[in-house]
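Here's the letter readout for the chains.
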Amino acid sequence: MNCHLCEVWCAVAHSKSKDIIKAFLYEEQKPLPRLIVEESRPESFALQCKHCDEPDCMFACISGALYKDKEGRVLHDESKCVVCYSCIMACPYGAIKINPFTGKILKCDLCVDLGFPPCVEKCPNNALEYVEVEIGAEES
Amino acid sequence: MRYDYVIIGNSAGGVGCIEAIRELDEASSVAIIAAEKYHAYSRALIPYYLDGKIELDKIYYRPPDFYEKMDVDAYLGVKAVGIDVSSREVLLENGGRIGFGKLLIATGGRPFIPPIEGLSGQKNVFTFLKLDDAIGVKEAIKSAGSAIVLGGGIIGLMVAEVLRRKSIEVTVVELADRVLAPVVDATTSNLVQEKFAENGVKIILQNTITKVVGEGEVEKVILKDGSELPTDLLILAVGVRPNTEVVRDTPIKVNRGIVVNKYMETSVEGIYACGDCAEIYDFVFGANRVLPLWPTAYVGGRVAGFNMCGRRREYTYATSMNAMHFFDLYIVSAGLNVPNDSDEFEILCTLDERRRIYRKFALKDGQIAGFILAGRVDRAGILLKLMKEGVNVSEFKDRLLKEDFGYADLPEEIRWELLGDKVKLGVVYEYEHGYEHGHGRAACEGRCEGHEA
Numbered sequence: 007m008n009c010h011l012c013e014v015w016c017a018v019a020h021s022k023s024k025d026i027i028k029a030f031l032y033e034e035q036k037p038l039p040r041l042i043v044e045e046s047r048p049e050s051f052a053l054q055c056k057h058c059d060e061p062d063c064m065f066a067c068i069s070g071a072l073y074k075d076k077e078g079r080v081l082h083d084e085s086k087c088v089v090c091y092s093c094i095m096a097c098p099y100g101a102i103k104i105n106p107f108t109g110k111i112l113k114c115d116l117c118v119d120l121g122f123p124p125c126v127e128k129c130p131n132n133a134l135e136y137v138e139v140e141i142g143a144e145e146s
Numbered sequence: 005m006r007y008d009y010v011i012i013g014n015s016a017g018g019v020g021c022i023e024a025i026r027e028l029d030e031a032s033s034v035a036i037i038a039a040e041k042y043h044a045y046s047r048a049l050i051p052y053y054l055d056g057k058i059e060l061d062k063i064y065y066r067p068p069d070f071y072e073k074m075d076v077d078a079y080l081g082v083k084a085v086g087i088d089v090s091s092r093e094v095l096l097e098n099g100g101r102i103g104f105g106k107l108l109i110a111t112g113g114r115p116f117i118p119p120i121e122g123l124s125g126q127k128n129v130f131t132f133l134k135l136d137d138a139i140g141v142k143e144a145i146k147s148a149g150s151a152i153v154l155g156g157g158i159i160g161l162m163v164a165e166v167l168r169r170k171s172i173e174v175t176v177v178e179l180a181d182r183v184l185a186p187v188v189d190a191t192t193s194n195l196v197q198e199k200f201a202e203n204g205v206k207i208i209l210q211n212t213i214t215k216v217v218g219e220g221e222v223e224k225v226i227l228k229d230g231s232e233l234p235t236d237l238l239i240l241a242v243g244v245r246p247n248t249e250v251v252r253d254t255p256i257k258v259n260r261g262i263v264v265n266k267y268m269e270t271s272v273e274g275i276y277a278c279g280d281c282a283e284i285y286d287f288v289f290g291a292n293r294v295l296p297l298w299p300t301a302y303v304g305g306r307v308a309g310f311n312m313c314g315r316r317r318e319y320t321y322a323t324s325m326n327a328m329h330f331f332d333l334y335i336v337s338a339g340l341n342v343p344n345d346s347d348e349f350e351i352l353c354t355l356d357e358r359r360r361i362y363r364k365f366a367l368k369d370g371q372i373a374g375f376i377l378a379g380r381v382d383r384a385g386i387l388l389k390l391m392k393e394g395v396n397v398s399e400f401k402d403r404l405l406k407e408d409f410g411y412a413d414l415p416e417e418i419r420w421e422l423l424g425d426k427v428k429l430g431v432v433y434e435y436e437h438g439y440e441h442g443h444g445r446a447a448c449e450g451r452c453e454g455h456e457a
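Chains as they are written, first to last, in my numbering: chain A, 7 to 146; chain B, 5 to 457.
Worth flagging that the hints you see were computed from the coordinates, not collected in a lab.
Treat the hints with caution; some may be incorrect.
[Unchecked claim] DEER-style ranges, computed between Cβ atoms:
#1 A:Phe-107 to B:Pro-234: 22 to 32 Å
#2 A:Glu-77 to B:Ser-33: 50 to 60 Å
#3 A:Gln-35 to B:Asn-203: 24 to 34 Å
[Unchecked claim] Covered, in the sense of this in silico footprint (three residues per stretch, anywhere, with C-beta under 8 Å from a C-beta of chain A), are these stretches of chain B:
#4 43-54
#5 298-308
#6 338-350
[Claimed, not checked] Below are the DSSO-like pairs computed for lysine-lysine, each with C-alpha atoms no more than 30 Å apart in a straight line:
#7 A:Lys-110 to B:Lys-266
#8 A:Lys-74 to B:Lys-266
#9 B:Lys-62 to A:Lys-36
#10 B:Lys-224 to A:Lys-86
#11 B:Lys-127 to A:Lys-36
#12 B:Lys-170 to B:Lys-224
#13 B:Lys-170 to A:Lys-76
#14 B:Lys-170 to A:Lys-74
#15 A:Lys-76 to A:Lys-28
#16 B:Lys-142 to A:Lys-86
#17 A:Lys-74 to B:Lys-146
Please read all numbers here as calculations on a predicted model, not as lab measurements.
Glycine is no exception: its CB is placed at the ideal position from the N, C-alpha and C atoms.
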């Protein structure tokens with residue numbers, strides 16, 4: 007559909023107010039999405055961090071700002087980040103974005119605080135799914 | 005003492021190895037030995053520390069309780085001076101011995117000190133590799149008004165930028181005819197040099213320091229061309245050599261660095277090496293070479309850790325790669341650094357001089373052999389992925405020059421192959437098993453169990 011609603015709701019989810027009107031109209035920092043909708047007409051698709059088993063971004067991170075939590079999510083500790091862009095160089099999916107206003111990095115956190123990712127919840131076409139996978143599921 | 009696994013070196017490689025071992029084996033005994041007294045810190049962060057962008061507590065690469073949590077005995081401030089390969093022991097400077105079942109050597113690099121007359125015993129001369137160096141420089145710049153940086157490589161330029169920001173008059177002296185010559189092409193060097201000139205850093209090329217003058221403290225330097233420059237501070241950043249001292253007088257094979265195979269194992273069974281001290285296979289270069297890079301050290305340590313635990317893994321996708329920034333100019337380069345007039349490679353490039361945005365690709369047989377992005381580095385990892393997988397880009401090569409190049413620019417079959425079966429369109433995985441069986445040169449990226457060379 008190419009509606010970009012996942013991007014809109016992602017941006018809202020990572021805004022201060024978490025309110026769509028307030029976020030876009032009044033917040034000093036323009037709300038930005040952490041996923042990317044790529045377009046190759048007529049096709050379009052959402053691309054987000056895969057939270058890889060073996061994350062190249064984390065392996066390349068020089069400061070330890072990128073880490074994996076116990077559930078297997080790859081998270082970013084902004085207070086440790088020195089904005090060197092080693093992760094931008096390393097991520098094979100181009101899933102880590104650069105904030106065009108601040109230069110800082112933007113990365114999907116699976117909305118840990120919200121419990122369920124709004125990009126999935128708000129997708130009008132059910133094109134996004136949220137699937138739990140066992141850690142190292144294929145390894146015997 | 006004897007441990008199942010012993011690691012010499014407390015940086016990216018050592019940490020990568022420990023984390024891999026503990027993923028597979030919680031019970032075995034592990035020890036780490038390091039000459040420096042500090043908890044695992046990131047050498048790559050010391051310019052940021054000097055700059056004041058981070059405080060000392062943020063220079064640590066892992067939390068303070070890392071070794072405790074990982075159940076690792078840490079011998080910090082204890083220098084390993086040798087290895088007895090027959091009794092399988094590490095010899096310590098203090099006379100002690102630590103036995104090992106399997107050993108990883110991750111001793112990193114040591115700064116190369118060029119032969120300069122009058123250098124020894126001068127207080128205001130620093131190299132810039134270790135935390136102590138940064139602490140020393142930080143103290144010294146409090147009273148310094150001018151500085152000379154010898155060496156226009158990544159480290160030298162990063163230090164020069166920081167010093168300049170501290171309102172110090174900085175001169176960089178570089179032997180080559182441009183800065184960063186081994187890492188990027190002439191166009192990119194030019195962009196960097198312009199950036200430094202605009203910010204008031206003087207760069208002197210095709211010249212070097214032959215002599216320093218001063219009693220206990222360098223007061224001026226004398227260059228090859230006879231000219232003299234007064235200075236309050238001299239930083240030596242002409243390069244790093246593999247620190248292979250610990251394997252001297254052992255049968256472990258050393259070329260420029262400690263030679264390892266794809267399992268990261270040295271010529272002696274059960275002894276592994278990784279990082280700046282090792283010489284590893286570069287899949288683009290097509291031969292072993294020293295790749296002193298942070299990600300390579302970490303992944304090398306990780307692959308070594310898996311193999312030490314008996315799980316076969318190969319490191320098949322190592323190559324040169326650098327993410328750098330000077331003032332507000334960001335650069336990512338990877339693979340081979342090919343000049344624009346090369347006959348051997350097909351060169352694609354575009355330079356937006358006004359916005360200072362540069363993209364350059366060197367292709368060989370339709371595959372990316374090297375690339376440079378300057379000014380805009382967004383999604384550079386996709387290009388690295390194309391290079392690792394050996395994708396033939398002929399069909400869409402002009403699109404590589406688009407600033408917003410992405411997966412949408414790839415032909416459909418290639419796109420879904422690279423994104424992998426695991427990424428079904430629009431599926432957000434809470435957790436997924438990311439081992440990919442890629443194709444081409446990087447094959448399964450060494451992550452496939454049981455994969456044979």
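To see whether the hints hold, each was checked on the structure:
1. Our hint of 22 to 32 Å for Phe-107 (chain A) and Pro-234 (chain B) is violated, since their Cβ atoms are close to 43 Å apart.
2. For Glu-77 (chain A) paired with Ser-33 (chain B), a C-beta distance near 29 Å fails the hint of 50 to 60 Å.
3. Distance hint check for Gln-35 (chain A) and Asn-203 (chain B): the Cβ-Cβ separation is about 28 Å, which falls inside the suggested range of 24 to 34 Å.
4. Requiring three or more residues with a Cβ within less than 8 Å of a Cβ of chain A, the coverage given for the stretch 43-54 of chain B holds, as 4 such residues are present.
5. Counting residues of the stretch 298-308 of chain B whose beta carbon lies closer than 8 Å to any beta carbon of chain A gives 5, which reaches the threshold of three, so the coverage claim holds.
6. For the stretch 338-350 of chain B, the stated coverage by chain A is not satisfied: 1 residues place a CB nearer than 8 Å to a CB of that chain, which falls below the threshold of 3.
7. Proposed proximity of Lys-110 (chain A) and Lys-266 (chain B) is contradicted: the alpha carbons are some 35 Å apart, above 30 Å.
8. Between Lys-74 (chain A) and Lys-266 (chain B) the alpha-carbon distance is near 26 Å, which keeps this suggested pair within the 30 Å criterion.
9. Proposed proximity of Lys-62 (chain B) and Lys-36 (chain A) is supported: the alpha carbons are some 28 Å apart, at most 30 Å.
10. Proximity of Lys-224 (chain B) to Lys-86 (chain A) is assessed by CA-CA distance (about 39 Å); at most 30 Å being required, the pair is judged violated.
11. Taking the CA atoms of Lys-127 (chain B) and Lys-36 (chain A), the gap is about 50 Å. The hint is violated against a cut of 30 Å.
12. Between Lys-170 (chain B) and Lys-224 (chain B) the alpha-carbon distance is near 21 Å, which keeps this suggested pair within the 30 Å criterion.
13. Note on Lys-170 (chain B) and Lys-76 (chain A): the hinted pairing is violated, with a Cα-Cα distance of about 41 Å set against a maximum of 30 Å.
14. For the suggested pair Lys-170 (chain B) and Lys-74 (chain A), the alpha carbons sit about 36 Å apart, so the restraint of at most 30 Å is broken.
15. For the hint pairing Lys-76 (chain A) with Lys-28 (chain A), the CA-to-CA distance comes to about 34 Å; that exceeds 30 Å, so the pair is violated.
16. At roughly 21 Å between alpha-carbon atoms, Lys-142 (chain B) and Lys-86 (chain A) fall within 30 Å of each other, so this suggested pair holds.
17. For a cut-off of 30 Å, the pair hint linking Lys-74 (chain A) to Lys-146 (chain B) is broken: about 39 Å separates their Cα positions.
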